[in-house]
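Asker: What follows is the residue order along each chain.
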Amino acid sequence: MNADPKNLNATTEAEPVSEPTAVPMWLIVTLLVLLFLGAWYYDARGGWLFNAKVYTPYAHAPEAFYPPAPDGANRKRGQVMFEKHCAVCHNNDGAGKPGQAPPLAGSEWVNAKGANRLIRIPLVGLTGSITVKGQKYDGLSMVGLGGGLTDDDVVDILSYIRNAWGNSAPDVTADQVKKVRTELGNRSQQYTGDELLKLEE
Amino acid sequence: MKSAATVFLAAFLALSASWAGFVLAPQLQLGRQPQVKPSGVEGLYPVARPGLAQQGAQVYRSLGCVHCHSQSVRQDGTICELVLLDAGTNGPATLAALAQFDRELAKLPTLTALPKVIKIVRDVPSAVPMIKALKAAGATAEVKVSAQGPDIARSWGLRRSVAHDFAYDETVQIGTRRSGPDLANVGMTKPALDWQLLHLYAPSSVVTGSTMPPYRFLFEKRMITRAPSPDALQLTGEFAPPAGYEIVPTPEARALAAYLVSLRSDVPLDEAPFTSLTAPAPATNAPAK
Amino acid sequence: MMARPPASMTACSPSSPGRIDASCRLPLFALFGGAALWLALSSVFGLIASLTFHKPAMFADCAILSYGRAFPAWSSLLVYGFCIPAGLGVGLWLLARLGRVELAKPWLITVGAEIWHTGVLVGLIAILAGETTGYEWLEMPRYAMVILFLGFVLMAIWAFVTHTQRAEQSLYPSQWLVLAALFWLPWILSTAVLLLQFFPVRGVVQAAVAWWFAGNLLNVWLGLAGLAATFYFLPKLTGRPLQSQYLALFVLWTLMLFGTWTGIPAHAPLPAWMTELSGVGNILAFIPAVAVIPILVLTCRGAKVPCKGGPLCFTKFGVWSFVLASLLLALTACPLIHRVTDFTWFGQGQNLLRIYGFFTMTMFAAIYYILPRVVGAEVLSPGRVKVHFWLGVIGTLLFALPLVAGGVMQGLKLVDPAIPFVDVAKSTLMPFRMSTLGETLLLIGNFVFLFNVFGVIVSYLRSVGKTVYVDATAQLETAVVKP
Numbered sequence: 013m014n015a016d017p018k019n020l021n022a023t024t025e026a027e028p029v030s031e032p033t034a035v036p037m038w039l040i041v042t043l044l045v046l047l048f049l050g051a052w053y054y055d056a057r058g059g060w061l062f063n064a065k066v067y068t069p070y071a072h073a074p075e076a077f078y079p080p081a082p083d084g085a086n087r088k089r090g091q092v093m094f095e096k097h098c099a100v101c102h103n104n105d106g107a108g109k110p111g112q113a114p115p116l117a118g119s120e121w122v123n124a125k126g127a128n129r130l131i132r133i134p135l136v137g138l139t140g141s142i143t144v145k146g147q148k149y150d151g152l153s154m155v156g157l158g159g160g161l162t163d164d165d166v167v168d169i170l171s172y173i174r175n176a177w178g179n180s181a182p183d184v185t186a187d188q189v190k191k192v193r194t195e196l197g198n199r200s201q202q203y204t205g206d207e208l209l210k211l212e213e
Numbered sequence: 008m009k010s011a012a013t014v015f016l017a018a019f020l021a022l023s024a025s026w027a028g029f030v031l032a033p034q035l036q037l038g039r040q041p042q043v044k045p046s047g048v049e050g051l052y053p054v055a056r057p058g059l060a061q062q063g064a065q066v067y068r069s070l071g072c073v074h075c076h077s078q079s080v081r082q083d084g085t086i087c088e089l090v091l092l093d094a095g096t097n098g099p100a101t102l103a104a105l106a107q108f109d110r111e112l113a114k115l116p117t118l119t120a121l122p123k124v125i126k127i128v129r130d131v132p133s134a135v136p137m138i139k140a141l142k143a144a145g146a147t148a149e150v151k152v153s154a155q156g157p158d159i160a161r162s163w164g165l166r167r168s169v170a171h172d173f174a175y176d177e178t179v180q181i182g183t184r185r186s187g188p189d190l191a192n193v194g195m196t197k198p199a200l201d202w203q204l205l206h207l208y209a210p211s212s213v214v215t216g217s218t219m220p221p222y223r224f225l226f227e228k229r230m231i232t233r234a235p236s237p238d239a240l241q242l243t244g245e246f247a248p249p250a251g252y253e254i255v256p257t258p259e260a261r262a263l264a265a266y267l268v269s270l271r272s273d274v275p276l277d278e279a280p281f282t283s284l285t286a287p288a289p290a291t292n293a294p295a296k
Numbered sequence: 006m007m008a009r010p011p012a013s014m015t016a017c018s019p020s021s022p023g024r025i026d027a028s029c030r031l032p033l034f035a036l037f038g039g040a041a042l043w044l045a046l047s048s049v050f051g052l053i054a055s056l057t058f059h060k061p062a063m064f065a066d067c068a069i070l071s072y073g074r075a076f077p078a079w080s081s082l083l084v085y086g087f088c089i090p091a092g093l094g095v096g097l098w099l100l101a102r103l104g105r106v107e108l109a110k111p112w113l114i115t116v117g118a119e120i121w122h123t124g125v126l127v128g129l130i131a132i133l134a135g136e137t138t139g140y141e142w143l144e145m146p147r148y149a150m151v152i153l154f155l156g157f158v159l160m161a162i163w164a165f166v167t168h169t170q171r172a173e174q175s176l177y178p179s180q181w182l183v184l185a186a187l188f189w190l191p192w193i194l195s196t197a198v199l200l201l202q203f204f205p206v207r208g209v210v211q212a213a214v215a216w217w218f219a220g221n222l223l224n225v226w227l228g229l230a231g232l233a234a235t236f237y238f239l240p241k242l243t244g245r246p247l248q249s250q251y252l253a254l255f256v257l258w259t260l261m262l263f264g265t266w267t268g269i270p271a272h273a274p275l276p277a278w279m280t281e282l283s284g285v286g287n288i289l290a291f292i293p294a295v296a297v298i299p300i301l302v303l304t305c306r307g308a309k310v311p312c313k314g315g316p317l318c319f320t321k322f323g324v325w326s327f328v329l330a331s332l333l334l335a336l337t338a339c340p341l342i343h344r345v346t347d348f349t350w351f352g353q354g355q356n357l358l359r360i361y362g363f364f365t366m367t368m369f370a371a372i373y374y375i376l377p378r379v380v381g382a383e384v385l386s387p388g389r390v391k392v393h394f395w396l397g398v399i400g401t402l403l404f405a406l407p408l409v410a411g412g413v414m415q416g417l418k419l420v421d422p423a424i425p426f427v428d429v430a431k432s433t434l435m436p437f438r439m440s441t442l443g444e445t446l447l448l449i450g451n452f453v454f455l456f457n458v459f460g461v462i463v464s465y466l467r468s469v470g471k472t473v474y475v476d477a478t479a480q481l482e483t484a485v486v487k488p
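Residue numbers (our numbering), protein chains in the order written: chain W, 13 to 213; chain V, 8 to 296; chain S, 6 to 488.
So here's chain W without its partners, still in its complex pose:
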């Protein structure tokens, strides 16, 4: 509705005022409900947490869909699992953390032709000291992941690290992992570097 034309040049024209009435409760409740729905929606579909490689429709990085390598070891999947389980200490680039986790890149343990010693390390873990690339690492404590890893996981992860960051060694096979597991039996005691050196490669 147009205002009264007679007031156009009045010296006092009231400007609107606002009353300090409170925000209605239903609005606050709606806000909270929508916030909750939004959080649930993001949790379900958002590819936790700000992962740049997860695209809808995948809820996680689609490692389960990577094609396997011809010889049975899925290095791509191994990389994903390495980054999930091992990179926390050994770093994504295999450089390790000084005093805490030895490097894997260029490590003679990783590059050894035979995988007998290497397979035992993720299965039952390491303690004490070990010498890698001429450097001694003391006070280690790597927890074994044997129970949480399937044979295929071990095959994939170890095949990956044996061919990453300049390493070059043959893939680990499922038979080798099975053999080591049989030999380990119920053992849960971590290996020390010296103990491993006594085994054959």
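A couple of the hints might just be wrong.
To be verified - Heads up, simulated PhoX-like pairs for lysine-lysine below, C-alpha to C-alpha not over 20 Å straight-line:
1. S/321 to S/309
2. W/191 to W/210
3. S/391 to S/321
4. W/191 to V/139
5. V/126 to W/190
6. V/151 to W/88
7. V/123 to V/142
8. W/96 to W/109
9. W/109 to W/148
10. W/88 to V/44
11. W/191 to W/125
12. V/139 to V/126
Source of the hints: derived by calculation from the structure; they are not laboratory data.
Please read all numbers here as calculations on a predicted model, not as lab measurements.
With chain W held as given, fit chains V and S onto it using these hints.
Answerer: Structure of chains V and S alone, referenced to chain W:
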């Protein structure tokens, strides 16, 4: 709000949050993506377009093609199929191997009755034991991973579009409307330059019932002098020029066609994997011969 | 003409509304007059673009009027030619009136407005010549954007100066919204122009920045500038106080906090966290729209003010369009829905509801109220305003709603791969025909608006001319009589 300063502070906080989320974070995560070597494909991906196609991208931009066409394929899900490539010579052994995983298949009388796709599996690792068992029985099987969705079913792509596909685009023209079909992989489905030029000149001559406007200003109508030009469009019927004239594409049309033919993203990537049982496509954006 | 008191006095003592309006005259003529022109012209380009769908071969030989050039011309003229200048003009007037202070350096603001209009003209010519950028809602090339930015900064600085010189210290909700808008636009504009046109980012980050900009422009800035006018005119035109101050604060906060996260479409080739975060933003951006409803209902409750097609009608229609547009945006966050509506006309319909239905209608209300006061005479016939109102309402509804419904139908066909694409494209023609009819009505309405606005300006200039003529002839007569 007592003062302008408070309002500005509130606005600053709100806007800097979304700036961090949608400007800074994409740049940090996606702004410097290196080329990757996809599995099963020769060469790196993505590859910069050849010069004429780069110019064509600018023609695409200047004509505003992005307002009708999108360049982003969607995907609903992924399906893993165990495919039997070779049933082998030892029929009973193969059937016995299959029986371990699927009783129904093992009941089939002969091997030739086996379907090519044996089974739909949940993911690749669950197919690996079956592959090994079949290998031990003398048969060869592979797992085929393919993307699913209406866009894929329309042959607009083999997988969804991801950030990597646009790493070498000068101006990214993703588009939000499909008045015309999606063009992300038009170089894979319509790789012929001639088809693209014909389509630009007279869309309804190659696509019956097409609603796309003809782009005749991208072409020149010339009198045929001594002999028809080798570049002249092969038009028939109502679209053909009058006798004695020919339709020749301008450099813009040629560049645009080269750009369209360079649009393909049919390479499996980490973010959107798929396998193909046929020979892998070369990872190049060069126009097809 | 009254003699002006020295500037130092205006900072302390409140000016009368008449004086304030008089000080705003020149800048608002520049801003509103230019805006009305660009709006009418944008409608023409919009219609030309739509014609391509009805008769594809119409512009086959004319590159300038082809869809890919006419469509960005329409969108750029609409947003940069009309929406931003109109919003800015209304904001300036609101800051002056609510601060009870005359506008600071009106001539400088007018210069800024003319610089802005020059930028729009340069941008329009560039788009028609093919220099379009390809980013939606940011089509103008960088040289035009620089001119626009300079014009805006000039106007914004003096708007802020006006605000600091205000006589009335306490702030009314509209002032918060205007100040937030003055801050928001330069930041998103400069970021987008720098990162897309001067130091371009690589790859899909360009799309992310462009979408962030478009979301902030359409879903936040239009909301800030439009609701500033709504919160002023609802109480002003009904004669009742705004209900309430805290609701308005709630709207401001939620609009800024949540609306800024909208913009990234669900189908984008970006990691899931970005598209889903934007989806959450879309859901939450519905809250400010919901909050405006009680403001409207409670403020207007009991006010026996009939609409009669005047500014109050425009404002109310604007509020409901804002609610509907925000609802449609929130719905697209649901995966089942955006699977169908992505890539269809649905998004365009939703944007049209927001821009035409909410923002332009609210600006029309404000301009129809402000211009007669700025001129100091009631020169606007309510009949013509009413004609514009009904053309605007029916035109907007016919323009936007068939696109929304048609988009859903189109999407349902798109997700069925058995339906060939040509059939999908053909099926959109029927809703598009209705939409073009609505667009034609809007075109007529916009020309009525142009006629109204220039009617006011011309009548003012005529009256000034008449006064000058009368004065001059009177002096001449006395000079002739004396000897």
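Asker: Hint by hint, note whether the structure agrees.
Answerer: For each hint, the structure was consulted:
Taken as a hint, the residue 321 of chain S and residue 309 of chain S pair is honoured in the structure, with Cα atoms around 15 Å apart against an allowance of 20 Å. Annotation: proposed proximity of residue 191 of chain W to residue 210 of chain W holds, straight-line Cα distance about 18 Å (limit 20 Å). Taking the CA atoms of residue 391 of chain S and residue 321 of chain S, the gap is about 14 Å. The hint holds against a cut of 20 Å. Between residue 191 of chain W and residue 139 of chain V, the direct Cα distance comes to roughly 18 Å. Compliance with the 20 Å bound is thereby established for this hinted pair.
In summary, the hint linking residue 126 of chain V to residue 190 of chain W is not supported, as the alpha carbons are separated by about 27 Å, beyond the 20 Å threshold. Restraint check: the Cα-Cα separation between residue 151 of chain V and residue 88 of chain W comes to about 16 Å, which is no more than 20 Å; the hinted pair holds. Using a Cα cut-off of 20 Å, the hinted pair residue 123 of chain V and residue 142 of chain V holds, with the two alpha carbons roughly 16 Å apart. Proximity of residue 96 of chain W to residue 109 of chain W is assessed by CA-CA distance (about 16 Å); at most 20 Å being required, the pair is judged to hold.
Using a Cα cut-off of 20 Å, the hinted pair residue 109 of chain W and residue 148 of chain W holds, with the two alpha carbons roughly 13 Å apart. Between the alpha carbons of residue 88 of chain W and residue 44 of chain V the distance comes to roughly 12 Å, so the proposed pair stays at or under 20 Å and holds. In summary, the hint linking residue 191 of chain W to residue 125 of chain W is supported, as the alpha carbons are separated by about 16 Å, within the 20 Å threshold. Among the hinted pairs, residue 139 of chain V with residue 126 of chain V is consistent with the structure: their alpha-carbon atoms are about 15 Å apart, no more than 20 Å.
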